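Given chain A's structure and the hints, the job is docking chain B onto it.
Protein chains: 2
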Amino acid sequence: PDWEVVDEHHLRRKFRFGNFREALDFVNRVGELAEEQNHHPDICFGWGRVEITVFTHKIDGLTESDFIFAAKVDNL
Amino acid sequence: PDWEVVDEHHLRRKFRFGNFREALDFVNRVGELAEEQNHHPDICFGWGRVEITVFTHKIDGLTESDFIFAAKVDNL
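Line by line, the protein sequences are chains A and B. Number 21 in this note's numbering belongs to position 21 of the first sequence; there are no gaps in the numbering. Number 31 in this note's numbering belongs to position 31 of the second sequence; there are no gaps in the numbering.
Keep in mind that the hints were calculated from the coordinates and are not lab data. Model, not experiment: these values are computed from the prediction. Certain hints may be false.
[Unchecked claim] In silico lysine-lysine, BS3-like type, Cα no more than 25 angstroms apart, as pairs:
| # | chain 1 | residue 1 | chain 2 | residue 2 |
| --- | --- | --- | --- | --- |
| 1 | B | Lys72 | B | Lys58 |
| 2 | A | Lys58 | B | Lys14 |
| 3 | A | Lys14 | B | Lys14 |
| 4 | B | Lys58 | A | Lys14 |
| 5 | A | Lys14 | A | Lys72 |
Excised from the complex, chain A in its bound form (with noise of 0.2 angstroms):
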């Protein structure tokens, strides 16, 4: 499962892990990304999971930032 386009309005994508710690880990890293790119995502995660939202807030929807974004995170 790779990055699902939502409602023509967002970017989401789910990742799986095998505890909390590398979930939380995963977090830390998107957050990290997040604010070297100044383009912050909205995150759910649990136990073993993590849910990566990714839009434009300025124009409520996508635009190229976001899927750059995406692909960074792809490369963590």
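Frame of chain A; chain B shown alone:
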């Protein structure tokens, strides 16, 4: 706004912060508490906000552990 009991199933509380970094730092404090207590909430966050949802997966509802966890989050 304090903890809400939602659907007699889980506890939920929303927290506000001045930026993404402060939200991420709080998420990490909650994450460390979760590992320490071996009680893992669902956490959703973004720029300036964190929402914590707590319930006991084993019974798919609320137990004393959830209220204890919520009180500990308030003391972070």
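Tested hints:
no. : hint               : result
1   : B:Lys72 to B:Lys58 : holds, 21 angstroms
2   : A:Lys58 to B:Lys14 : holds, 23 angstroms
3   : A:Lys14 to B:Lys14 : holds, 23 angstroms
4   : B:Lys58 to A:Lys14 : holds, 23 angstroms
5   : A:Lys14 to A:Lys72 : holds, 15 angstroms
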